[in-house]
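Participant: For reference, the chains in residue letters:
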Amino acid sequence: MSDRTLVSGDAMALVRAYKLRNLRRILLVCLAFVLLAGLVVIDITTGPADLSIWRTIQVILDRSIATPKEDVIIWQLRLPVALMAIAVGAMLGVAGAEMQTILNNPLADPFTLGLSSAAGFGAALAIVLGWSVIPAVGGLFVSVNAFVFAMLTSCALFLFTRLRGVTPEAMILVGIAMLFTFNALLAFLQYGASEIQLAQLIFWQLGSLARATWGKVGICFAILLLMLPWFMSRSWALTALRMGEDKAAALGVNVGLLRITVLAGVSLLAAVAVSFVGAIAFVGLVGPHIARMIVGEDQRGFLPLSALCGALIISGTSIASKAITPGIVYPIGMITSLIGIPFFILLILGQRKRHWQ
Amino acid sequence: MNALIAENLTFSYGTRRIFDRVGFDPIAPGQLTALIGPNAAGKSTLFRLIAGLLKPETGKVHLGDTDLDTLTTRTRLERVCFMPQFFTANAALTVFDVVMMAHKQLKGWRVNEADMIAVGTALQEAGIGHLSEAYVSELSGGQSQMVSVTQALIRKSDVYLFDEPTSALDLRHQLDVLGQIKSAIADRGAIGVVALHDLNLAARFADNLILLGEGRILAQGSPAQVLRADAISNTYGVAIETSKGPREELIVHAYAS
Numbered sequence: 001m002s003d004r005t006l007v008s009g010d011a012m013a014l015v016r017a018y019k020l021r022n023l024r025r026i027l028l029v030c031l032a033f034v035l036l037a038g039l040v041v042i043d044i045t046t047g048p049a050d051l052s053i054w055r056t057i058q059v060i061l062d063r064s065i066a067t068p069k070e071d072v073i074i075w076q077l078r079l080p081v082a083l084m085a086i087a088v089g090a091m092l093g094v095a096g097a098e099m100q101t102i103l104n105n106p107l108a109d110p111f112t113l114g115l116s117s118a119a120g121f122g123a124a125l126a127i128v129l130g131w132s133v134i135p136a137v138g139g140l141f142v143s144v145n146a147f148v149f150a151m152l153t154s155c156a157l158f159l160f161t162r163l164r165g166v167t168p169e170a171m172i173l174v175g176i177a178m179l180f181t182f183n184a185l186l187a188f189l190q191y192g193a194s195e196i197q198l199a200q201l202i203f204w205q206l207g208s209l210a211r212a213t214w215g216k217v218g219i220c221f222a223i224l225l226l227m228l229p230w231f232m233s234r235s236w237a238l239t240a241l242r243m244g245e246d247k248a249a250a251l252g253v254n255v256g257l258l259r260i261t262v263l264a265g266v267s268l269l270a271a272v273a274v275s276f277v278g279a280i281a282f283v284g285l286v287g288p289h290i291a292r293m294i295v296g297e298d299q300r301g302f303l304p305l306s307a308l309c310g311a312l313i314i315s316g317t318s319i320a321s322k323a324i325t326p327g328i329v330y331p332i333g334m335i336t337s338l339i340g341i342p343f344f345i346l347l348i349l350g351q352r353k354r355h356w357q
Numbered sequence: 001m002n003a004l005i006a007e008n009l010t011f012s013y014g015t016r017r018i019f020d021r022v023g024f025d026p027i028a029p030g031q032l033t034a035l036i037g038p039n040a041a042g043k044s045t046l047f048r049l050i051a052g053l054l055k056p057e058t059g060k061v062h063l064g065d066t067d068l069d070t071l072t073t074r075t076r077l078e079r080v081c082f083m084p085q086f087f088t089a090n091a092a093l094t095v096f097d098v099v100m101m102a103h104k105q106l107k108g109w110r111v112n113e114a115d116m117i118a119v120g121t122a123l124q125e126a127g128i129g130h131l132s133e134a135y136v137s138e139l140s141g142g143q144s145q146m147v148s149v150t151q152a153l154i155r156k157s158d159v160y161l162f163d164e165p166t167s168a169l170d171l172r173h174q175l176d177v178l179g180q181i182k183s184a185i186a187d188r189g190a191i192g193v194v195a196l197h198d199l200n201l202a203a204r205f206a207d208n209l210i211l212l213g214e215g216r217i218l219a220q221g222s223p224a225q226v227l228r229a230d231a232i233s234n235t236y237g238v239a240i241e242t243s244k245g246p247r248e249e250l251i252v253h254a255y256a257s
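Listed in order, the protein sequences are those of chains A and B. Just so we're aligned, residue 1 is where the first sequence starts under our numbering, counting upward by one. Just so we're aligned, residue 1 is where the second sequence starts under our numbering, counting upward by one.
Simulated from the structure, these hints should not be mistaken for lab results. For each residue, glycine too, the CB sits at the ideal point set by N, CA and C. Misleading hints may appear alongside valid ones.
Here are some chain A residues pointing at chain B (derived, C-beta under 7 Å) [said to hold, decoys possible]:
hint, residue
1, G9
2, R55
3, I60
4, R63
5, G215
6, G244
7, A249
8, E297
Each computed DMTMM-like pair below joins lysine to aspartate or glutamate, with the alpha-carbon atoms no more than 20 Å apart [as the list claims (entries may be wrong)]:
hint, chain 1, residue 1, chain 2, residue 2
9, B, K104, A, D246
10, B, K55, A, E245
11, B, K107, A, D246
12, A, K19, B, E133
13, A, K19, B, D69
14, B, K107, A, E245
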């Protein structure tokens, strides 16, 4: 290149600084990956069975060496739960990150838009009244109901934005209206529920990984594999959106279309996650915030790290839920709130730069 | 040459008519044109109509032989680079990041060496190299305006539209930024239109002026012609006189009556 010789030393210094930051970003993503793999192994080891970490790794890598007991504990019971934890964490992390991006709002996550409470209401319909929205789905009907209601809510949001235009304020306000509507409806059902149903309902609302199966894990990873590359392919447009609608539009981003399509993708992620594990609070909120503080909002680093942070939080919580009282597995949603909120407040207090003002 | 022409543009926000069959004479490439006019005269709206961000009810914008309406939005915005007036981003993005984003124009995920050198050089030339690693949320109004201009100038377009690029800048930076814009337009042989409130800056830097007011183009021509026209006093509602400055430049004086 001939103009290379013309490049001033000062400009090269800027390029070096940028490269250094890129390198740091890649290293952090790799580090998060390694950390996550470690947490998964610890998650599987934790619990009553006295498995050693080294033996666990060996059995995960080569199923044929497992004793029948190890095969049941590791491959049939704990691996689906551990993988479900990271899949759901990643789904909620990505959903939260993109909701915050398209709505330009630091509080946006699957809860703010009413998706989680809609899913909760759907599940309650199944548990209390035995209603299945889609017939003949067998034992999955609680999950299917939850999913259908979450998707219906985003369709309602979608329709609303068709009528009134796609502004972030309107979407958040409609989301909050949904949240209260479904909470009220849920309260109605709870009022009429029997004690057993109530216990089941509360268990669902607190969120639990206990119902994980290989089939559900497969569905979650398939959806992640579908959505992540698609969001990544929109990364410049999504980054541009953070510069304001005007700027993004001037760069050629069709802002309305981007918001709608990303909302659809995010709804799918959140609806599937919530319908399988119940309401797990704060992961969709905290994960992206941690990622933003670490690598900033260039989507090429922000999106993968949001997914990884979400996965790390739920995986860590899964370990905590088993380790607090040996022999008891606490509902995971409880722990995420308990651990997540103080941690989050610490992060905000310790944050030097404020990006939402 | 590929001049920019608009004819017969009609546009309303709801029922409020902004333009009624407005057009301007060809704007020649390589020269800087300043769009002047009082507040709410429709300067930003005219830019948006040219860029295709708003659709006119009637009328066409031509670039040379090309009817811009025949292009897709994406292609049109690649050929017409529009810098919006306000820019308040609270994002956790650095100045280098956002200029890179403008440089990549939504294309290609990978950033190669040449891209990085282009951005580094652009920042250096714009005199904001020291801000490269600063977050855009920490910039002052003037600094973010300079970043915005850099974002526009790093793109390779046929038409550049700047909406008030100097409104938040101090004296030295006003001259710097307009100088950069003017030389970039001349070097690239591109069409450059700058919306300005400061008539003295317009007189100093622009080769041509377009006076917009009351939903019409009131005057178009050289600074001396437009600034001495009766229309300008009437539109702004002030008495306007011009004189020669110590370096033979045109100076505009405004009197309330």
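Participant: Now tell me if each hint is right for this structure.
Facilitator: Hints and how they fare:
1. Look at G9(A): its Cβ only gets to about 10 Å from chain B, farther than 7 Å, so that hint breaks.
2. About 41 Å separates the beta-carbon of R55(A) from the nearest beta-carbon of chain B, more than 7 Å, and the hint is not met.
3. Here the hint on I60(A) is broken, as its CB sits about 32 Å from the closest CB of chain B, past 7 Å.
4. With a cut of 7 Å, the hint placing R63(A) at the interface with chain B is violated, because the nearest CB-to-CB distance is about 37 Å.
5. With a least beta-carbon distance of about 33 Å to chain B, the hint placing G215(A) at the interface is violated under the 7 Å criterion.
6. Checking G244(A) against chain B by beta carbon gives a least distance of about 6 Å; that is within 7 Å, so the hint holds.
7. Taken as an interface hint, A249(A) checks out: its beta carbon lies about 6 Å from the nearest beta carbon of chain B, inside 7 Å.
8. Because the smallest distance between the Cβ of E297(A) and any Cβ of chain B comes to about 4 Å, under 7 Å, the interface hint for this residue holds.
9. Taken as a hint, the K104(B) and D246(A) pair is honoured in the structure, with Cα atoms around 17 Å apart against an allowance of 20 Å.
10. With a C-alpha separation of about 17 Å, the suggested pair K55(B) and E245(A) falls inside the 20 Å cut-off, and the hint holds.
11. Between K107(B) and D246(A), the direct Cα distance comes to roughly 19 Å. Compliance with the 20 Å bound is thereby established for this hinted pair.
12. This hinted pair checks out: K19(A) and E133(B) have alpha carbons roughly 11 Å apart, not beyond 20 Å.
13. Taken as a hint, the K19(A) and D69(B) pair is broken in the structure, with Cα atoms around 40 Å apart against an allowance of 20 Å.
14. Taking the CA atoms of K107(B) and E245(A), the gap is about 18 Å. The hint holds against a cut of 20 Å.
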